[in-house]
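**Student:** The whole structure should be built from the sequences, with the hints applied where relevant.
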Amino acid sequence: TQLLEQSPQFLSIQEGENLTVYCNSSSVFSSLQWYRQEPGEGPVLLVTVVTGGEVKKLKRLTFQFGDARKDSSLHITAAQPGDTGLYLCAGAERDDSWGKLQFGAGTQVVVTP
Amino acid sequence: ETGVTQTPRHLVMGMTNKKSLKCEQHLGHNAMYWYKQSAKKPLELMFVYNFKEQTENNSVPSRFSPECPNSSHLFLHLHTLQPEDSALYLCASSQPGLGYTFGSGTRLTVV
Numbered sequence: 001t002q003l004l005e006q007s008p009q010f011l012s013i014q015e016g017e018n019l020t021v022y023c024n025s026s027s028v029f030s031s032l033q034w035y036r037q038e039p040g041e042g043p044v045l046l047v048t049v050v051t052g053g054e055v056k057k058l059k060r061l062t063f064q065f066g067d068a069r070k071d072s073s074l075h076i077t078a079a080q081p082g083d084t085g086l087y088l089c090a091g092a093e094r095d096d097s098w099g100k101l102q103f104g105a106g107t108q109v110v111v112t113p
Numbered sequence: 001e002t003g004v005t006q007t008p009r010h011l012v013m014g015m016t017n018k019k020s021l022k023c024e025q026h027l028g029h030n031a032m033y034w035y036k037q038s039a040k041k042p043l044e045l046m047f048v049y050n051f052k053e054q055t056e057n058n059s060v061p062s063r064f065s066p067e068c069p070n071s072s073h074l075f076l077h078l079h080t081l082q083p084e085d086s087a088l089y090l091c092a093s094s095q096p097g098l099g100y101t102f103g104s105g106t107r108l109t110v111v
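If you read the sequences in order, they're chains A and B. Start counting the first sequence at 1; every next residue gets the next number (my numbering). Start counting the second sequence at 1; every next residue gets the next number (my numbering).
Hints were generated in silico from the structure; no laboratory data involved. All residues carry an ideal CB built from backbone N, CA and C; glycine is no exception.
With a cut-off of at most 25 angstroms between alpha-carbon atoms, the simulated BS3-like pairs for lysine-lysine come out as follows:
(1) A:K56 - A:K100
(2) B:K52 - B:K36
(3) B:K40 - A:K100
(4) B:K41 - A:K100
(5) B:K52 - A:K100
(6) B:K22 - B:K52
(7) B:K41 - B:K22
(8) A:K70 - B:K41
(9) B:K22 - A:K100
(10) A:K70 - B:K40
(11) B:K18 - B:K36
(12) B:K52 - B:K18
(13) B:K19 - B:K52
(14) A:K100 - A:K70
(15) B:K36 - A:K100
For each label pair, taking beta carbons as the anchor points, the in silico distance ranges come out as:
(16) B:N70 - A:R60: 38 to 44 angstroms
(17) A:S7 - B:Q95: 29 to 35 angstroms
(18) A:E17 - B:S20: 42 to 48 angstroms
(19) B:E84 - A:S7: 24 to 30 angstroms
(20) B:E67 - A:Y22: 34 to 40 angstroms
(21) B:S62 - A:G40: 27 to 33 angstroms
(22) B:F51 - A:Q80: 37 to 43 angstroms
(23) B:P8 - A:Y22: 32 to 38 angstroms
(24) A:K59 - B:G3: 19 to 25 angstroms
Short derived list, chain B residues pointing at chain A, Cβ under 7 angstroms:
(25) L45
(26) L90
(27) S104
(28) G105
**Tutor:** Encoded structure:
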């Protein structure tokens, strides 16, 4: 089983501050996904990264896949209360999406006005 | 609305009850999944179905019984559950290269 460790487990910041969430594994993944989950809802896919060293930007969110495809980070610039949620990373074992995803335990982010 | 619908949203059941969770998607995805989400733990994969065929059973106790009558519908039949089975049960569907689409989940409480 490929274990994904996320850090920190919990992060509370003020609106306007920056934050970074990390996702680390000792195993290599063919691709890695980030999801955000809000209370009472299922996770929603934010991005998929597939190439080592890849950087993707989604408005104020920047996602990076490590060169060795074992780790990833999510950076939020000028956080807003709407960024509050549980951020989950998930690694795909195979090149297709039929395979199961391994999920991290998540980072709970709280952005206060 | 994500395209994956789960019912009911909340369920309270006794340990001797039998109930079923339902998941429906009309996204044209051929793979469907059941995950269990407990507080502060990673999502646990329970079952995987590809083209209606079960391809993964992740050592799930037999008190959980999945059913996939077609590519759009997935059920999870529950019987004689334990209090530690209380959790959020998430259904997801996928197509290669598109990632997972999750439903909103069923919050299950076993009393």
